[in-house]
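S.K.: Chain by chain, the residues run as shown.
2 protein chains.
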Amino acid sequence: MIAIGEASRQSGVGIEAIRYYEREGIVPKPGRAANNRRLYSKTDVGRLIFLKRCRNLGFPLAEAKALLDLSEQREADCAKALDIAASHKSSIRKKINDLERLERALNEVTANCTNGSLHCPMLLSLREH
Amino acid sequence: MIAIGEASRQSGVGIEAIRYYEREGIVPKPGRAANNRRLYSKTDVGRLIFLKRCRNLGFPLAEAKALLDLSEQREADCAKALDIAASHKSSIRKKINDLERLERALNEVTANCTNGSLHCPMLLSLREH
DNA sequence: TCTTGCTCCTGTAGTGGCTACAGGAATTAG
DNA sequence: CTAATTCCTGTAGCCACTACAGGAGCAAGA
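Chains as they are written, first to last, in my numbering: chain Z, 70 to 198; chain U, 70 to 198.
Keep in mind the hints are simulated off the structure, nothing from the lab.
Copies of the same chain are indistinguishable here, so a pair counts whether it falls within one copy or spans any two.
Derived lysine-lysine pairs resembling PhoX-like cross-links, with alpha carbons at most 25 Å apart:
#1 Lys163 with Lys149
#2 Lys121 with Lys163
#3 Lys121 with Lys164
#4 Lys111 with Lys98
#5 Lys121 with Lys134
#6 Lys164 with Lys149
Kindly generate the complete structure, drawing on both the sequences and the hints.
M.R.: Here it is, written out as structure tokens:
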């Protein structure tokens, strides 16, 4: 059993984030030593690593928790896991498309701004009716 | 002079957002009628429309305010405006690249998940050491 | 005149996922 | 014995709003 700092080091999840996960019920409350300090088992650290990987893949915390729960069931439900992943993928795809549209719009609005003109074309187009 | 609801309708900025901009000093405090209700001029509405367009282009509020301030100076400083736009563009480009990396990683992790296998390959790869 | 419904006011809390303290207690190293 | 480190709880801050609660004012219709 290890203290929270070591669990943080082993999992890559920050100390405050670990306590936050506990408060939010994402991970079960760990045991406590006689001096009231949290004690983490290898299983606990495994959960943190799992969550860290999910977050690195961009899953929202709620979906990360859902995946963690699935992963701890006797028979991991691949279909449900795929559902979660698919919806996450489509939200990423949507974000990419939105950002690309934004990028094009920005390029358009600044297109005539190459010279040091007195009346900035970008500002004009933001202002005009 | 119009009330806040009409200013919201004309600018597309929500009523609560308008009050928020005022609190945050993004726009100057508007006049008040005898009954304490806010009164907006065409100039005020023009500022809200400008901010709305900046936000639609994804500019953070602080940058939107900087652009608004530039736009209200006697000689709009195109170079400064372009600076702001360029840094915003590069942050968008970075976000797109990050999301595309995420998308590829997600595709990899779910690649072997087409069948209804008992041990979900995605969950396994999130769990393994 | 009374009521209904709309708009407006201030102030506070919530969103996500943490991070950064403050202020204190306990442990460890020298 | 002291100093440094780690831990504890609890709160505030980030961004850009949104969503109330609880109340006041105002216009139109019965």
